[in-house]
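Engineer: Single-letter residue listing:
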Amino acid sequence: MRRTLVIVVVLAVALVLAVIYYALDPSSSAVFPHCTFLAVTGYKCPGCGSQRAIHALLHGDVADAFRYNALLLIAIPWIGLCLYAESRRTRNPRLYARLNAPALIWTFLAVVLLWWLLRNIFDW
Amino acid sequence: MQYWINFKGVQSGPVDLDGMKQMGLTSAAYVWHEGLADWVKITQLPELQGCYVMEAPAVATRPAAVNGASEPQQPYQPQSQPYQPQDTPVTEPCPPTNLVWAIIATVLCCLPAGVVAIVYALKVTNKYREGDIEGAKRASETGAWWCIASIVLGIVSMPLSMLIMSPGAF
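For the record, the sequence lines run as chains H and B. In case it helps, our numbering puts the first sequence at residues 1 to 124. In case it helps, our numbering puts the second sequence at residues 1001 to 1170.
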């Protein structure tokens, strides 16, 4: 029961956010929050551009989304898969263990750090 | 490949495929080999077909399994694996690594604390594989807090940063 409630609430919030991010463009509208890390340090964080990328994605513009935050685009399929594995952690421990293999986590960590570094050097 | 066998509560091994065929195993046997997280029924490994005969499940199988009589609680500890302490039941599932939340926090929250959470996800898996269940649980908990901190701080700090930055920075 509680699990169903959580899923319903999460889906409802996601739907509301999707409508907002579809209707308003984060690159021109003032209502969207900005990156604290960028504001404080002047450097982009790994998540910078995600709001604009989501806006572009919701409008079907994959190329633009990739330009705003390539990491987000790459991470979305993996997040979906991981969420599925998470929901069946006890029923399907094998899938969970496979997705949480050290080699995979190391790879993701390296990709994130490299992406963080390179996007600040080349202004991606 | 070397296999360890738990058959009718008796553990043996390591043996290879030919050795297993000599043992007169039935489908009630459990096997384990290096790389498996836990004991599996012999019928679950396709390469072992032909090493056992099918056996109709006995009526007493279910309660026996619940009592842990036929299900191995303690797997055979081969000498080649000194990193698995004797008192650690490998049957316990891996504690949550929180990897998904770490990834979501990294990609969607502006404070790079999600990266720390990824490191903790790695720690959970590594400690679990070393047989350190307690350590894995601790790392799992710490990682979860990093995820929560990352998401909460991200949400709280965003309005503050709006005062500093011009629109469209995130």
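No lab work stands behind these hints: they were computed from the structure. Computed from a predicted structure; not experimentally measured. For glycine and all other residues, C-beta sits at the position ideal for the given N, C-alpha and C. Certain hints may be false.
Here are some chain H residues pointing at chain B (derived, C-beta under 10 angstroms) [said to hold, decoys possible]:
(1) Ala23
(2) Cys45
(3) Pro46
(4) Leu58
(5) His59
(6) Gly60
(7) Val62
(8) Ala63
(9) Ala97
Computed from the model, here is a short list of chain B residues facing chain H with C-beta under 10 angstroms [said to hold, decoys possible]:
(10) Lys1021
(11) Gln1022
(12) Met1023
(13) Gly1024
(14) Leu1025
(15) Thr1026
(16) Ser1027
(17) Ile1104
(18) Val1107
(19) Gly1114
(20) Val1119
(21) Leu1122
Engineer: Does the interface hint hold: is Gly60 of chain H within less than 10 angstroms of chain B, judged Cβ to Cβ?
Structural biologist: Not OK, violated: Gly60 of chain H not within 10 angstroms of chain B, min 20 angstroms.
Engineer: Could you check if Gly1024 of chain B really has its C-beta closer than 10 angstroms to a C-beta on chain H?
Structural biologist: Violated - the Cβ of Gly1024 of chain B stays beyond 10 angstroms from chain H, reaching only about 29 angstroms at its closest.
Engineer: At a threshold of 10 angstroms, is the proposed contact between Thr1026 of chain B and chain H supported by beta-carbon distances?
Structural biologist: Constraint on Thr1026 of chain B not satisfied, violated at 24 angstroms.
Engineer: Would the hint on Cys45 of chain H be counted as holding, given a Cβ-Cβ threshold of 10 angstroms to chain B?
Structural biologist: 5 angstroms, holds
Engineer: Holds or violated: is there a CB of chain H closer than 10 angstroms to the CB of Val1107 of chain B?
Structural biologist: With a closest approach of 5 angstroms, the Val1107 of chain B hint holds.
Engineer: Against chain H, run the beta carbon of Ser1027 of chain B and see if the smallest gap drops under 10 angstroms.
Structural biologist: 20 angstroms, violated
Engineer: Take the shortest C-beta to C-beta distance between Gln1022 of chain B and chain H; is it under 10 angstroms?
Structural biologist: 30 angstroms, violated
Engineer: If you take the shortest Cβ to Cβ gap from Ala63 of chain H to chain B, is it below 10 angstroms?
Structural biologist: Since chain B brings no Cβ nearer than about 19 angstroms to Ala63 of chain H, farther than 10 angstroms, the hint is violated.
Engineer: Under the criterion of a CB-CB separation shorter than 10 angstroms, is Val62 of chain H in contact with chain B as hinted?
Structural biologist: 16 angstroms, violated
Engineer: When the nearest CB of chain B is found for His59 of chain H, is that gap smaller than 10 angstroms?
Structural biologist: Cβ of His59 of chain H sits 16 angstroms from chain B, so the hint is violated.
Engineer: With a cut-off of 10 angstroms on the beta carbons, see whether Pro46 of chain H makes it to chain B.
Structural biologist: 5 angstroms, holds
Engineer: Should the interface hint for Ala97 of chain H be scored as holding, given a Cβ-Cβ cut-off of 10 angstroms against chain B?
Structural biologist: With a closest approach of 6 angstroms, the Ala97 of chain H hint holds.
The structure fails hints 1, 4, 5, 6, 7, 8, 10, 11, 12, 13, 14, 15, 16 (numbered hints given earlier, in ascending order).
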